[in-house]
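Asks: For reference, the chains in residue letters:
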Amino acid sequence: MNDMVKMVVVLTVLSSVAGGVLAAVNKGTASQIEAQQLTFVKGPAIKAILAGSSIDPIENRFKIIDGDVEKSFFVGKFDGQANTIAFEEFGKGFGGDIGVMVGINIDSDKLVGAAVTVHTETPGMGARAKDDPGFVSQFIDLPVTDAVSVTKDGGQINAISGATITSRAVCDAVGKALNSYKKMKSQLHEEIQKVGK
Amino acid sequence: MPKTLVQEFTKGLWEELPPFRLVLGLCPVLGVTTSMENGLGMGIATTFVLFGSNILVSMLRSIIPQKVRIACFIIIIASFVTIVELLMQAYTYPLYLKLGVFIPLIVVNCIVLGRAEAFAYKNKVLYSMADGLGIGIGYTLALGALGAIRELLGNGSVTVWGDLSYNLSSAFPSFQPFSFMVQAPGAFICLGLMLCFINAIGD
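Chains as they are written, first to last, in the working numbering: chain U, 1 to 197; chain C, 1 to 203.
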């Protein structure tokens, strides 16, 4: 009996302490990790979409809480107008979540571009979604009201050959982004005005 | 005869060199050694976990009940692995991206659990520290060496942290990179040849 109590107590205490330490480390590194992700993963994608912006989109970002997740929005300024936002959404790919940075012009309600940020797809197959700019360039200038899907599903996007699941996942992520945009449009307009000044 | 601290440390560098002498922990050995930098990074991360878990297991060895010791070891090891993962994300993000899933897999690396079970649970803290550090450094060097050979033959050059680099074509201008070496089968062949070489000179 005594043995039993000792086992339970030791395991409980050990797990709780481990949990506490991990929570502390997680909290302590969170802002540094975000900065690293901005530089190495999201940064290049944002720069590709919002190329030519007169302000730095990474510095001019704001956050909106949507449901229970906090989303970061990056603002681009073109011809003196802060009228373009970029943000990230995720789709289920072949090897896991695929992150897609999506840029939308809020005046014309059109997509300005999309770029894959993180993925775990097969090199040479699904990974071409990130490596081949021809695929994501198909999203440019699509109106936000359109449903986005691959041609096999009756849509307008030519899938990467041999990587239909990946292509679907990217379309799915873009579709999600368009829905979030439509849902949060008024809020986005408000926030973007603050950056524009 | 009890060993000295120095002996506990140095045994990890040759006598019990994990991948080559004990042939343990081979999953990352084969998986991440496509370049020297990846190998060394993986080795350093494993060393940190090994060192930390050995100290903690040794410190708590009188408290941890015999029957649930493996569960306790796993909690300790998994915590250290998560700490390493977060620290790598925070400070060496490109390396973290390259090593990917192999970092969380340190939890199930048999060397780490093996040292906790076979050494730290039975020995004093100072000796466990020496053991963890020795085995860890040995592992790092082994991964680095294998990574260096594969990168050199497969790419024709070795680069570590951007500045230190060596290009094979400076010595052999007609050398053609042998890309087979950086692919998975190359890992097995290279490891086999290294084991053969080390066994030949071993005793």
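Errors might be hidden in some of the hints.
[What the hints assert, rightly or not] The calculated lysine to aspartate or glutamate pairs, modelled on EDC-like cross-linking and capped at a C-alpha distance of 16 angstroms, are:
hint: 1; chain 1: U; residue 1: LYS176; chain 2: U; residue 2: ASP146
hint: 2; chain 1: U; residue 1: LYS77; chain 2: U; residue 2: ASP97
hint: 3; chain 1: U; residue 1: LYS183; chain 2: U; residue 2: ASP3
hint: 4; chain 1: C; residue 1: LYS67; chain 2: U; residue 2: ASP107
hint: 5; chain 1: U; residue 1: LYS27; chain 2: C; residue 2: GLU117
hint: 6; chain 1: U; residue 1: LYS92; chain 2: U; residue 2: ASP146
[Unchecked claim] Covered, in the sense of this in silico footprint (three residues per stretch, anywhere, with C-beta under 8 angstroms from a C-beta of chain U), are these stretches of chain C:
hint: 7; region: 14-21
hint: 8; region: 76-90
hint: 9; region: 127-133
The hints are simulated quantities; they were obtained by calculation from the structure and are not laboratory data. Cβ atoms here follow ideal geometry from the backbone N, Cα and C, with glycine treated the same way.
Asks: Compare the structure with each hint and give your call.
Replies: How the hints compare with the structure:
Between U/LYS176 and U/ASP146 the alpha-carbon distance is near 12 angstroms, which keeps this suggested pair within the 16 angstroms criterion. A threshold of 16 angstroms between alpha carbons decides the hint, and for U/LYS77 with U/ASP97 the separation of about 30 angstroms lies outside it, so the pair is violated. Distance hint between U/LYS183 and U/ASP3 is unfulfilled; the C-alpha atoms sit about 58 angstroms from each other, more than 16 angstroms. Note on C/LYS67 and U/ASP107: the hinted pairing is violated, with a Cα-Cα distance of about 66 angstroms set against a maximum of 16 angstroms.
Between U/LYS27 and C/GLU117, the direct Cα distance comes to roughly 31 angstroms. Violation of the 16 angstroms bound is thereby established for this hinted pair. Only pairs whose Cα atoms come within 16 angstroms are accepted, and U/LYS92 paired with U/ASP146 is rejected, the gap being roughly 21 angstroms. With a threshold of 8 angstroms between beta carbons, the proposed coverage of the region 14-21 of chain C by chain U is violated, since 0 of its residues qualify and at least three are required. Three residues within the 8 angstroms Cβ limit are the bar, and the region 76-90 of chain C against chain U gives 9, so the coverage statement holds.
Only residues whose C-beta sits within less than 8 angstroms of a C-beta in chain U count toward coverage, and the region 127-133 of chain C has 0 of them, not enough to reach three; the restraint is violated.
In this structure, the hints that do not hold are numbers 2, 3, 4, 5, 6, 7, 9, in rising order.
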